[in-house]
Amino acid sequence: MSVTTAPTTLDVSHTSSVPFARLVAVELRKLADTRAGRWLLIAIAALTLLVLIIQLSVVLGQGLHPKYVDFLQGMNTPMGILLPVLGVLTVTSEWSQRTAMVTFTLEPSRVRVVAAKFVSILLISVVALVVGVLLGALANTMYGAFSGHTVVWGSPVKLGFYYLLLYIFGMATGFAFGALFLNSPAGIVIYFVYSFVLPTIFGIAAALMNWFESLQPWIDFNFSQSGLIDGTIAGNEWAKLAVSGILWLVLPLAIGVWRIRRAEVK
Amino acid sequence: MWSVGRDGSLVAMIKVEGLTRAYGSFIAVDDITFECRAGTVTGFLGPNGAGKTTTMRVMVGLTPPTRGDVTIGGLHYKDIPNPGRHVGVLLDASAQHAGRTGREVLEIGARTMGLPSGRVDEMLELVSLDARESKRRVRNYSLGMRQRLGIAHALLGEPTVLILDEPANGLDPAGIRWMRGLLQGYADRGGTVFLSSHLLHEVEQIADEMILIGNGRIVARGTRDELLRDATGGVSTTLVTALDNQQLAEALTDKGLVVHTAGEGLRVTAEPVDVGRVAADHQIVLTDLRAGNEGGLEDLFLELTADTQRDVLPNEVTASEVPA
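If you're matching them up, the sequences are chains A and B in order.
Positions 26 to 291 (this note's numbering) are the ones given, in order, by the first sequence.
Positions 888 to 1211 (this note's numbering) are the ones given, in order, by the second sequence.
No wet-lab data here; the hints were simulated from the structure.
Bear in mind the structure is a predicted one, so any value in this text is a computation, not a measurement.
Among the hints, erroneous ones may be present.
In silico EDC-like cross-links for lysine to aspartate or glutamate, where the CA-CA straight-line distance does not exceed 16 Å [stated by the list, open to error]:
1. A:Lys291 x B:Asp979
2. B:Lys965 x A:Glu289
3. A:Lys183 x A:Asp255
4. B:Lys902 x B:Asp966
5. B:Lys1142 x B:Glu1158
6. B:Lys902 x B:Asp918
7. B:Lys902 x B:Asp956
8. B:Lys1022 x A:Asp58
9. B:Lys1142 x B:Asp1161
Some, not all, of what chain A presents toward chain B, calculated at C-beta under 10 Å [what the hints assert, rightly or not]:
10. Lys55
11. Ala61
12. Val84
13. Ala125
14. Phe129
15. Ser134
16. Arg287
17. Glu289
18. Lys291
Now the in silico label distances, taken between C-beta atoms and shown as ranges [stated by the list, open to error]:
19. B:Gly911 x A:Pro44: 31 to 41 Å
20. A:Ser121 x B:Arg1116: 47 to 57 Å
21. B:Gly1005 x A:His90: 51 to 61 Å
22. B:Arg1116 x A:Lys291: 18 to 28 Å
Where a beta carbon is used, it is the ideal one built from N, C-alpha and C, also for glycine.
Could you build all of it, start to finish, from the sequences and the hints given here?
Right, here's the structure in full:
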């Protein structure tokens, strides 16, 4: 053996733990550094643009009188469907591709990793909002220019805030379902069931049962978000939003994080 | 802090104490205790399913132990700040996003650890992945290339400890030799290497110490020579071939040595030096003379881990008698 003495302890005095901002930056990078991730981002942007162009040509062709909020609503469809998928995949791809093994050996605090992922999707929500608000403004302005009608803006700051909440809720709910199931197909399918099938079932139940009709806004997160979409949310609708949000977002997220903390990473 | 044990020996960098991991009633790792010293390569050897990977996963905090404790440099893995800078880990070369390029895999690691991105190029060069290969997606990598990428990833943060699970798996013979040199040099510079394998020959030439595990328990440990001595019960054998085997056999038998024919030569129960002396005394020309215990280690390995072997070797074809 060529050494006669050796360190028996790791000299960690000059090493600080990985800064949280760096974890967030790495997680943002991971969203776009694979073909699948990059194309999902491109698809979201392209579909949003496409919907806007169609909407603009329809309102111009049929002589309709849209307001700014109508364009925001139009874009909410592609964003609302695809952003949550990104939210699901942010968590689940680590498990389906088994990269969690590497991620968690470089940062053993799993809660920090999950938090960094969550912050990264919050940042994506902000970017989505900026893109959406600007595209909507552009469409509204073009509508005014082409139709010669007066453009109606409503209260764009308030609407911007509402749509930010919508994008965050969508992505965060997808994220929560991803954390809950730790499996991409399951997370996405369950999210779509929650997002498209459940509202119909709740709607039928509410139509058939009076008592359920008054309960629905409190337990149906999709329903309670509708006030944000058309910008009419007021009064105790905020409370309903909070209660249903705890049920469909906070609870699955909490269980999911608990599960990730305890899960054996294979 | 630098220190030497009370007896002057090197002190442990990795300490595993009473480690047990149970899955329900199945005990994957059963109360194992061992140490890896700095400046050495420790081989962790056992058949598939013996508990090697589980042990390594517990070491780096991916699997919680049922009982027992593991420390690296006196710290639990989770308490090591920016652990990639201190402990290089390769647990499964295939556990990489298939859609990322090899370079991007290293880039993510380098960024997490806060390394300059020039480090990525250095590592790619070290493991001989060229510019074109590094831009290909991991999906299109052979197992050997993934293994090289994994080794590059483990070495990124200039760690002082390496924990590698089956690093030679998928490497071609030249690749295995390359890795052997790499790890030997790393240990010579004071690093601690802990690597596993299910193949004896991958480990025996590089490991300063070997730990044999079977059924979740440590069945033997020691240097190659110590294990060999145990394997043969302290009795040495020599393989020898002479121009005139008949004459040599008679000369050896006259000395009271036990001689059997083996292949084209003879197997003698004695040290090579004694056999050589007899040949010199009788002016017999030898064409081959070597210690005949090599197979002993493999025998020991198979015997000690027999309970977990899936394949049972017929008695008459033990490994030591298979011609090399």
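Now for the hints, and whether the structure bears them out:
1. A:Lys291 x B:Asp979: The hint holds at about 9 Å.
2. B:Lys965 x A:Glu289: 15 Å, holds
3. A:Lys183 x A:Asp255: 11 Å, holds
4. B:Lys902 x B:Asp966: Holds. Lysine 902 of chain B to aspartate 966 of chain B sits at ~15 Å (cutoff 16 Å).
5. B:Lys1142 x B:Glu1158: With Cα atoms ~13 Å apart, lysine 1142 of chain B and glutamate 1158 of chain B stay inside 16 Å; holds.
6. B:Lys902 x B:Asp918: Holds, because 13 Å separates the two Cα atoms, which is no more than 16 Å.
7. B:Lys902 x B:Asp956: 8 Å, holds
8. B:Lys1022 x A:Asp58: With Cα atoms ~12 Å apart, lysine 1022 of chain B and aspartate 58 of chain A stay inside 16 Å; holds.
9. B:Lys1142 x B:Asp1161: 10 Å, holds
10. Lys55: At 7 Å from the nearest chain B Cβ, lysine 55 of chain A passes the 10 Å test, so the hint holds.
11. Ala61: Alanine 61 of chain A check passes; min Cβ-Cβ to chain B is 6 Å, inside 10 Å.
12. Val84: 40 Å, violated
13. Ala125: At about 8 Å, which falls below the 10 Å cut-off, the nearest Cβ of chain B leaves the hint on alanine 125 of chain A intact, so it holds.
14. Phe129: Hint on phenylalanine 129 of chain A: holds, closest Cβ of chain B at ~6 Å, below 10 Å.
15. Ser134: Hint on serine 134 of chain A: holds, closest Cβ of chain B at ~7 Å, below 10 Å.
16. Arg287: 8 Å, holds
17. Glu289: Result: holds, 5 Å to nearest chain B Cβ.
18. Lys291: OK, holds: lysine 291 of chain A within 10 Å of chain B, min 8 Å.
19. B:Gly911 x A:Pro44: 31 to 41 Å: 40 Å, holds
20. A:Ser121 x B:Arg1116: 47 to 57 Å: 49 Å, holds
21. B:Gly1005 x A:His90: 51 to 61 Å: 59 Å, holds
22. B:Arg1116 x A:Lys291: 18 to 28 Å: 39 Å, violated
The structure fails to meet hints 12 and 22 from the earlier list, while all remaining hints are met.
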